[in-house]
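Trainee: Each chain is listed here by its residues.
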Amino acid sequence: MIDLLPQWLREGLSEDVLFWLGYLTNGKHLAWYASVRFTLFAAVAGAAVALAMGLLGATLRNSRLLPVRLIGAGYTNMTRGIPDVLFFIFFPLAFEQTVEWVMSRSLCSAEEIATAVLWPPCPAANIHFDTFQYLLLASVSLGIVYGAFAANVIFGAMHSVAPGQIEAARAFGMSDRQVNWRIRIRQMWIYALPGLSNVWMLLIKSTSLLSLLQITDIVRWANVLGSPNFLPTAGLVHPDWRWQYYLVLLVFYIILTFLSEKGFTALRRRVGRGMITVED
Amino acid sequence: MEWFLGPLVGDIEMLAKPALFNIYFAAASIPIGFVGAVLLALGKASRNRLLSRLCSGYIYVFRGSPFFIQLFMFYSVALALNIGVWKPLGIDWLVLHPLFLGPAILALNTAAYAAEIFYGALLTVPKGEVEAARAFGMSRGQQFRSVIWPNLIRIAWPAYTNEVVFLFHATALVYFTLPVIDDQKDLMNRAGQLFQKDYNAFLHFSVAALYFLVISLVIFYVFGLIYRRMTRHMPHQRAIRFKPRWLG
Chain A
116 MIDLLPQWLR EGLSEDVLFW LGYLTNGKHL AWYASVRFTL FAAVAGAAVA
166 LAMGLLGATL RNSRLLPVRL IGAGYTNMTR GIPDVLFFIF FPLAFEQTVE
216 WVMSRSLCSA EEIATAVLWP PCPAANIHFD TFQYLLLASV SLGIVYGAFA
266 ANVIFGAMHS VAPGQIEAAR AFGMSDRQVN WRIRIRQMWI YALPGLSNVW
316 MLLIKSTSLL SLLQITDIVR WANVLGSPNF LPTAGLVHPD WRWQYYLVLL
366 VFYIILTFLS EKGFTALRRR VGRGMITVED
Chain B
2 MEWFLGPLVG DIEMLAKPAL FNIYFAAASI PIGFVGAVLL ALGKASRNRL
52 LSRLCSGYIY VFRGSPFFIQ LFMFYSVALA LNIGVWKPLG IDWLVLHPLF
102 LGPAILALNT AAYAAEIFYG ALLTVPKGEV EAARAFGMSR GQQFRSVIWP
152 NLIRIAWPAY TNEVVFLFHA TALVYFTLPV IDDQKDLMNR AGQLFQKDYN
202 AFLHFSVAAL YFLVISLVIF YVFGLIYRRM TRHMPHQRAI RFKPRWLG
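One line per chain: the protein sequences are A and B, in this order.
To get the numbering used here, take the position in the first sequence, counting from 1, and add 115.
To get the numbering used here, take the position in the second sequence, counting from 1, and add 1.
Simulated from the structure, these hints should not be mistaken for laboratory data.
For every residue, glycine included, the Cβ atom is placed at its ideal position computed from N, Cα and C.
Please note: incorrect hints may appear among the correct ones.
[Unchecked claim] Label pairs and their computed distance ranges (CB to CB):
| id | chain 1 | residue 1 | chain 2 | residue 2 | range |
| --- | --- | --- | --- | --- | --- |
| 1 | A | R179 | B | G225 | 54 to 62 angstroms |
| 2 | B | Y200 | A | L136 | 46 to 54 angstroms |
| 3 | A | T331 | B | Q143 | 55 to 63 angstroms |
| 4 | A | G288 | B | W4 | 40 to 48 angstroms |
| 5 | B | G142 | A | L145 | 43 to 51 angstroms |
| 6 | B | R146 | A | Q329 | 47 to 55 angstroms |
[What the hints assert, rightly or not] Here are a few chain A residues that sit away from chain B, every Cβ distance over 12 angstroms (derived from the structure):
| id | residue |
| --- | --- |
| 7 | L124 |
| 8 | P207 |
| 9 | L325 |
With the hints as extra help, turn the sequences into a complete structure.
Mentor: The following block contains the structure:
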């Protein structure tokens, strides 16, 4: 990467600066910077799933049927007792096993299934996810966990919509579905945004867990790059630098939260145009 | 039913001891974090600009970054200081022990979250009561002891309860970073190990989740009792309602 610098700039810089520039732009470091894409992808895809699950959960909790309402309540209260990391690890494993079970029914012989001691019963039913598939699974499990948080927020926001609005819509002869989609969900965002912004902050922070699912994300790269580097030809290249690398990650996440905060404040102002809300 | 209950009971037995490690992590870090949080909240509300900035900065940093990264960072800092500081002092066996380092990092983290809760509560302590205390000629220490503190802790308690439950959930992350010594495994660790043996994800992780759920409910119950006692003189007793820790 150093070669890309113009000649005059390279001569102007001291030996030390050039060395560090070269070090920080070597192949492994570039791979580290590039792995930010996994984090951002998981955050955005997870947020999309979480929003969908949140709407679904809130709708279930609003249902007229008791069993459906109970399912919704169970889902939204899931976060109350179970740590996110447990579900985050459990869901991809469970998904993989379910797929393998379905495959084993068709691919393995009955004898193999009956006598199997290991999982999966026969090698043909064994599946391996690649990084992208794991990333999708991670996003979905983030979405399910934080969807429960979002459902709590959206459920509350739906009930904050002024009752007069709902009554007016009914008086106009709108059906239940129309009232729900055109009035309730359309108007609830302004009430839901503060809560949703907090869910987003939680979600961003749990993208640091991606390395637990064998994804070579920024955390794993920081570990690899910072570990004491010993080469037989060059001796000890550098001692244990891990804490510096983790400090960079810490700062990265703080910047991310800071930017999100600013973004959500702007969004709130924009969505709140023309609405009477409690000003902050 | 035997095929179902047998493994279930077996798992509940096997995960009982690991659950104690999670409980230990939470129990060891909550008191320290509580004291730290009160000091940080008072610091943030202080009129001394420098102190206030420092405390706000601490709270922002710890609330703005993932606990997982904080664990990694403080563990690697502790390792980096090993030869220079801990070894000469002869305390490396203590500082690098996960049963010390884990609660220490948890306490640093929960102090920031709880401090934000206490700070918010401090701002909503009824002004009139503080003015009345001043009119009585109370010193600042007396004001704090007899007016500000009882109000603060009462206002903050429901939110603090949630923070404690989330801290307990955060203990699941400790052993993903810190080394496991001998058989000192926690719930996630042991469940993962059992899973490696027979690939029964549904059973082992569900039982681990059950432990987390039950202990969380116990925390809610006990803290609810304390809240009832705190507000026993008040006309309308509200039960604690669950609200997730938004900036977790």
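Trainee: Work down the list of hints and note, for each, if the structure agrees.
Mentor: Against the structure, the hints:
1. A:R179 <-> B:G225: 54 to 62 angstroms: For B:G225 against A:R179, whose Cβ atoms are near 31 angstroms apart, the range 54 to 62 angstroms is violated.
2. B:Y200 <-> A:L136: 46 to 54 angstroms: Holds - the Cβ-Cβ distance for B:Y200 and A:L136, about 48 angstroms, lies within 46 to 54 angstroms.
3. A:T331 <-> B:Q143: 55 to 63 angstroms: Given range 55 to 63 angstroms: holds, Cβ gap about 59 angstroms.
4. A:G288 <-> B:W4: 40 to 48 angstroms: violated (57 angstroms)
5. B:G142 <-> A:L145: 43 to 51 angstroms: About 58 angstroms separates the Cβ atoms of B:G142 and A:L145, which means 43 to 51 angstroms is violated.
6. B:R146 <-> A:Q329: 47 to 55 angstroms: Because 54 angstroms falls inside the window, the suggested range holds.
7. L124: holds (34 angstroms)
8. P207: violated (9 angstroms)
9. L325: violated (10 angstroms)
Hint compliance for this structure: hints 1, 4, 5, 8, 9 are broken, all remaining hints hold.
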